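Colleague: These protein sequence lines are chains D and G, in that order. Those letters in the first sequence? Residues 1 to 427, per the numbering used here, in order. Those letters in the second sequence? Residues 1 to 561, per the numbering used here, in order.
Derived from the structure by calculation, the hints contain no laboratory data. Model, not experiment: these values are computed from the prediction. Ideal Cβ positions, reconstructed from N, Cα and C, are used throughout, including at glycine. Please note: incorrect hints may appear among the correct ones.
What the hints assert, rightly or not - Simulated crosslink set (DSS-like; lysine-lysine; CA at most 25 Å straight-line): (1) 338(D) with 413(G); (2) 307(D) with 277(D); (3) 25(D) with 361(G); (4) 371(G) with 384(G); (5) 413(G) with 301(D); (6) 33(G) with 25(D); (7) 481(G) with 29(D); (8) 89(G) with 71(D); (9) 413(G) with 374(D); (10) 29(D) with 89(G); (11) 334(D) with 371(G); (12) 307(D) with 413(G); (13) 89(G) with 55(G); (14) 487(G) with 29(D).
Said to hold, decoys possible - A few chain G residues that don't get close to chain D, going by computed Cβ distances all over 12 Å: (15) 49; (16) 91; (17) 199; (18) 292; (19) 315; (20) 317; (21) 368; (22) 389; (23) 411; (24) 425; (25) 430; (26) 459; (27) 468; (28) 472; (29) 539; (30) 560.
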Amino acid sequence: MSANENVMIIGSGVAGMEAALMLSKAGKKVILVEKLPIIGGKTIKNEETFPNLDCSTCLVAPIQQSILQNKDIQVLTYSSIEKVSGNRGDFKVSVRKKARYVSLELCLGCGMCYEVCPVVLKNEWEENLADKKAIYVPCSGSLPNVPVIDREKCLNLNGTEECTKCVESCMFAAIDLKDTDQVLEFSVSGIIVATGYDIYDAAEIDRLGYSKLDGVYTSLEFERLFASNGPTQGELILRNGKKPESVAIIHCVGREESGYCSTVCCMSSSKHAHFIKHKLENVRIFNLYSDICLTDKNYQKFYDSVKSHDSEFIFQADMNSINIEEAGDKLNVKYLYKGKVEQISTDMVILANSLVPPKNIVDLTEILKIDRDKYGFISVEPYEIGSVETSRAGIFVAGCVEGPKDVQSSILQAEAAVAGILAVINE
Amino acid sequence: MGDKIGIFLCECGPNIASKVDMDRIAAEIAGLKDFGDKELVIRRHKLLCSNEGKKFLEDEINSNELTHMVCAACSPREHDSTFIGVCKKTKLNPYLYTMVNIREQCAWVIPDKEQSTDKAVKYIHGGMNRVLYQEQLFENQLDSNCDVLVIGAGIAGVQASLNLASKDRTVYLIERAPELGGKTTRLHGLLTEQGSNLNMISQKLAKLKKNPNIKVFTSTKLESIIGFQGNYEIVIRNLVNNDTTEFMAGAVIVATGYELLHAGESAYMEFSDEHDVHCGLEIEALMAQQKKVLKKNGKTPTSVGIIHCVGRELSGYCSKICCNYLIKISSYIRAMYPDVPVVHYIRDLCLPTKDSQSFYKDVREEGIEFKYISGLNLKGETVKYADPYGTEGTDEHDMIIYAKSVIPAMGTKELAQLLNIDLDEYGFIKEAHLKINPISSSNDGIFAVGAAHGPANVADSIIQAKAAVAKISTQLIPGQKIVPEVKVSEVLEAYCTGCQTCLKVCKYGAIYFDDAKAVSVVNGAVCRGCGNCVGSCPSGSIRSRHFTNPQLFQEIKEAVR
Ligand SMILES: Cc1cc2nc3c(=O)[nH]c(=O)nc-3n(C[C@H](O)[C@H](O)[C@H](O)COP(=O)(O)OP(=O)(O)OC[C@H]3O[C@@H](n4cnc5c(N)ncnc54)[C@H](O)[C@@H]3O)c2cc1C
Ligand SMILES: Cc1cc2nc3c(=O)[nH]c(=O)nc-3n(C[C@H](O)[C@H](O)[C@H](O)COP(=O)(O)OP(=O)(O)OC[C@H]3O[C@@H](n4cnc5c(N)ncnc54)[C@H](O)[C@@H]3O)c2cc1C
Ligand code: SF4
Ligand code: SF4
Ligand code: SF4
Ligand code: SF4
Ligand code: SF4
């Protein structure tokens with residue numbers, strides 16, 4: 001048995017959290033490294049989860065809570081790995097824990113500090129659909145519910161002026177503007193990489209008008225627009241202040257460019273159609289698709305019901321023929337039908353963006369010295385079917401950073417990675 | 001010694017203290033008439049959940065020798081476990097403590113301070129009443145058996161067995177067929193991304209046979225199983241000589257795989273034995289045996305039609321594996337007959353692995369045609385179809401290959417009954433929770449992997465097998481005892497009329513009927529304390545030990561007064 005019973009997990013989405021909880025159950029010590037100030041990953045951006053439309057918070061918050069309360073799991077939020085040496089069974093990892101300026105022990109999450117902060121910024125976590133302050137939590141219900149200060153933007157920290165408004169507002173003396181980054185060293189027997197995905201940048205495809213036309217939204221922007229803890233408290237209010245009467249959902253955005261089908265976006269698009277229809281009864285919804293990909297036995301039933309009750313589905317032989325143009329305060333979605341150009345006039349377009357490797361994947365894989373596949377995802381042992389071990393022994397992968405997948409497949413892969421890690425430790 | 005109740009009021013910083021009148025609460029509670037004869041220790045703290053707060057609680061419990069404790073603070077969801085943890089460090093039994101939520105239920109939702117204070121007093125009063133009716137409960141430790149029964153020796157069952165077996169853990173692998181390996185051993189090859197050949201599978205089978213910690217039983221079925229996680233008594237029966245074998249195991253993995261839906265059930269597939277119409281598995285078998293696909297008259301085919309999704313309208317789901325394997329079969333045909341036209345009839349392309357799209361593009365580049373259709377009729381080897389816009393067409397082929405829907409293995413229903421696990425509406429084994437606990441069945445200790453769960457390719461099956469291995473290795477650790485739920489239900493024998501209603505409502509199979517005494521009995525090791533049976537019993541003879549009627553009554557009585 002290896003003397004080292006510590007495991008490092010990078011990324012705290014559903015995959016990383018599942019692996020962490022399981023390992024702690026087996027009595028192992030886990031170091032969970034998350035680059036954001038909060039844990040939970042992408043699923044906490046969703047109001048509901050397909051296909052049964054479970055409330056996402058109800059699914060994930062108890063998992064987040066058990067992670068934060070677990071004595072065997074050391075959670076390092078706002079952190080990233082910097083250096084890895086050693087081998088399977090005995091890695092040394094340095095982790096940079098960025099200064100948060102707010103004490104995780106003292107802060108109660110009362111929110112007084114961000115009320116008083118004078119700096120207003122775009123909130124990227126809310127897909128830039130809401131504002132935040134220089135001291136902020138990404139969204140209400142964040143876990144841990146402790147703010148962080150953006151040091152580039154804070155007037156005091158960036159040297160603009162001697163502002164200490166937040167410090168004064170805090171009744172718990174939780175804010176320390178002298179906080180510094182820390183570099184922590186860990187010795188672990190194995191590593192699980194679970195850093196998830198990002199979505200394809202739709203601005204790359206000019207004809208879809210994303211970032212130029214206000215009515216065009218990405219799938220994640222829509223998730224936040226629909227979320228009851230999101231920028232509009234779940235009201236479907238467009239950037240122009242109106243509610244949509246007609247919505248087009250465009251599938252496979254970036255599929256051709258990225259080279260694979262993302263497997264979840266047919267379902268997420270169906271979910272979006274369902275959401276809209278149930279919020280705005282008289283709305284017309286059109287899904288423009290080329291294939292319907294339903295990778296779980298439980299998915300078709302949901303899709304069938306959306307197709308018969310909520311949305312029209314229009315087959316597109318060539319998704320590249322879709323063009324979105326401005327027409328007054330409406331959007332014209334042009335597409336080919338039987339070889340002829342047809343158009344739908346809509347107020348809102350939702351793009352089903354492909355899932356792509358997370359932005360920092362190159363740096364991360366270089367630090368870890370592990371291989372990427374031709375799409376940029378982390379690759380596993382070639383031809384070792386169902387492997388979850390990367391090209392470097394002792395480093396495992398789980399969730400969407402290995403390729404697009406839904407929540408349950410991410411969790412299954414995380415569990416498989418745990419089996420791999422346990423084998424390393426028990427050797 | 002009389003009762004001495006500690007009542008701890010948490011300010012939660014300004015969260016509670018600024019919205020309810022803490023002084024008034026303390027005063028009113030101290031003056032409660034019905035507690036006049038009880039000793040009360042009332043304390044306020046700024047933040048009970050902090051390290052300092054926990055230490056404070058611990059010291060108060062010890063120095064005052066409290067017999068009961070009420071914490072009025074936030075939601076139990078947030079800190080119940082924190083305060084239970086504190087109790088465990090002291091002599092106070094954790095089940096003689098209760099938590100009252102005066103934050104989410106008072107401070108945060110009632111703007112009027114007086115009203116929220118009134119409500120808080122009532123709630124705390126309710127908690128004080130309840131706690132006096134609570135009983136000490138004690139955690140039990142049970143020995144557990146760590147061996148595992150694996151049912152089905154397809155790739156999923158084989159992989160699970162290989163990863164689980166060790167000197168501390170024996171695996172009993174039973175397979176009803178005379179041979180090991182399941183469906184994959186009948187294939188000619190695998191997908192390109194999987195290395196094309198079946199070497200990996202044969203290597204695994206060879207390893208399996210050599211592993212001394214795996215006991216393999218072919219031509220064998222499960223005869224009976226009773227018990228619960230950590231303690232199953234199992235009997236298996238040999239289908240040839242009827243011999244039975246008995247053993248104990250702590251967990252069960254169901255890896256019974258799938259079957260294919262009979263094409264005859266799809267009305268639009270009209271053909272007979274004389275036609276060259278084959279399902280994918282037949283082609284795989286032909287290729288595996290003869291390395292060649294010929295027409296029934298021994299000639300080479302001149303035009304091949306490949307039909308997707310047959311039976312999908314009946315099964316009700318996409319089978320997920322067939323687009324991929326039909327494309328693989330196309331590549332076999334192309335390699336054999338470079339010039340024979342091949343047309344796929346597809347409604348949707350399901351390309352579920354990240355490499356399937358480039359595989360599809362590659363075969364398309366080799367001249368394989370893909371026609372999107374909205375409907376089709378097969379007569380013999382002739383395909384009449386409508387394209388997505390309704391335009392009709394007819395193609396004559398002299399060989400048809402088609403995909404059949406993946407359905408649950410024969411006998412899955414009977415097996416599920418033996419194991420007392422739920423099936424989903426399609427007859428596959430149902431997940432404990434589809435999204436967050438997909439590998440467990442509805443019964444603790446029983447897991448399902450591979451196609452037994454629903455359509456799965458080899459990679460999915462192997463990943464699931466490993467997931468089940470992780471579950472078992474983290475739940476059933478050799479040498480470790482298991483601690484069952486404490487807040488369970490119990491049947492009061494004297495009142496039970498033996499109607500057996502409770503047996504039907506218990507999802508966990510925790511209740512059995514004692515024929516000799518003619519009463520129902522709850523197995524405390526299996527019961528999860530959900531309370532279903534309590535509500536269902538017509539004679540009111542089941543009680544949940546931490547939610548008894550008097551406890552609930554005492555608590556509610558104050559809130560509604
Ligand atoms: C619009 C949309 C809707 C969806 N809806 C559903 C649905 O309803 N049901 C469903 O099953 N699936 C849905 N999905 C898919 C689902 O989001 C994924 O299956 C799931 O989030 C994958 O979890 P993960 O843990 O792999 O990754 P993530 O959730 O992406 O988590 C990864 C974590 O790693 C962190 N991280 C990234 N890089 C680093 C680094 N270098 N160092 C440290 N940490 C890092 C990230 O900040 C993040 O917290 C949807 C996807 C989209 C795009
Ligand atoms: C034509 C075709 C081509 C395919 N090609 C590929 C491919 O290229 N790549 C790929 O990844 N996948 C492919 N697949 C899918 C692959 O066959 C499955 O993923 C795989 O077989 C699933 O394995 P399993 O162990 O879950 O089930 P199975 O292989 O079905 O094994 C289940 C085993 O359990 C036994 N069993 C059933 N019930 C009982 C019982 N009650 N008691 C005891 N034993 C029982 C059965 O006899 C069988 O041996 C293909 C499928 C088909 C039909
Ligand atoms: S010190 Fe910085 S974070 Fe705090 S209030 Fe001022 S600008 Fe905002
Ligand atoms: S004011 Fe203090 S306690 Fe409140 S959220 Fe800000 S840092 Fe935390
Ligand atoms: S899942 Fe659907 S929308 Fe997404 S890439 Fe695949 S076919 Fe297109
Ligand atoms: S995998 Fe392809 S052939 Fe099979 S049911 Fe799904 S869409 Fe049809
Ligand atoms: S409380 Fe629930 S789990 Fe326990 S015996 Fe009753 S029904 Fe079964």
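Colleague: Which earlier hints turn out false for this structure, listed by number in ascending order?
Modeller: Numbers 1, 3, 6, 9, 12, 14, 15, 17, 19, 20, 22, 24, 25, 26, 27 and 28, in rising order.
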